[in-house]
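J.: Sequence:
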Amino acid sequence: MKTLVLVFHPDMSASRANRLLAAKAETLGNDVTVRYMYDLYPDQKVDVAAEQAALEAADRVVLQFPMYWYSTPALLKQWQDDVLLYGWAYGSTGKELLVAVSTGGPGDAYSHESSYGYTLTELLRPLQATANMVQMTYLEPFTTTGTLTITDEALAKRAEDYAATLQSTDLPVLEPRG
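Residue numbers for the sequence shown follow this note's numbering, beginning at 7 and rising by one.
Any given hint could turn out to be false.
The list that follows gives simulated cross-link-like pairs (lysine-lysine, DSSO-like), each with its CA atoms no further than 27 angstroms apart [claimed, not checked]:
id	residue 1	residue 2
1	K101	K51
2	K30	K163
3	K83	K51
4	K30	K83
5	K83	K101
6	K8	K30
7	K51	K8
8	K8	K101
9	K101	K30
10	K8	K83
11	K51	K163
The hints are simulated quantities; they were obtained by calculation from the structure and are not laboratory data.
The structure presented is a predicted model; accordingly, all values stated were derived computationally and were not measured.
Assemble the whole structure, with the sequences as input and the hints as a guide.
T.: Take a look at the structure:
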């Protein structure tokens, strides 16, 4: 399975979690391609043809990013607007979409009972809706929470889990809400 990991982090040098996860993904061989989107498009002018070609070559697309204000970094939204064009992205792609999101806050902060009031699954619904619109299979997100306080050992374990997830051919699907 050809996996394309698109890393949307505006400052990888300041990141512990996303830098380690992306570095681990890079070690997985020829079937995993990692693209650092802010390095490719520092001016947020996305090369649509290059991105569409990269997507066409992949079986699984991974959107890796830190959650900012309960949403995606700006370049990810720009990439969606520019690349997922009507007439190109709509229809049966047969591809999978995996969201690999990190949060500074702890995992238990993302619940109906917490001060945030929403689960991570709920906050990621726009990406699930996008996958549904372009007829991709939306996989259960890979989440790394509490990155502001996570230990080096726990983060290393998350990186190993990420590698296993990227290499798996049988990941759980998150079905659309009825």
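J.: So, for every hint listed, does it hold in this structure?
T.: These are the hints, each one checked on the structure:
| no. | hint | in the structure |
| --- | --- | --- |
| 1 | K101 / K51 | 25 angstroms, holds |
| 2 | K30 / K163 | 11 angstroms, holds |
| 3 | K83 / K51 | 12 angstroms, holds |
| 4 | K30 / K83 | 25 angstroms, holds |
| 5 | K83 / K101 | 20 angstroms, holds |
| 6 | K8 / K30 | 16 angstroms, holds |
| 7 | K51 / K8 | 26 angstroms, holds |
| 8 | K8 / K101 | 10 angstroms, holds |
| 9 | K101 / K30 | 22 angstroms, holds |
| 10 | K8 / K83 | 24 angstroms, holds |
| 11 | K51 / K163 | 35 angstroms, violated |
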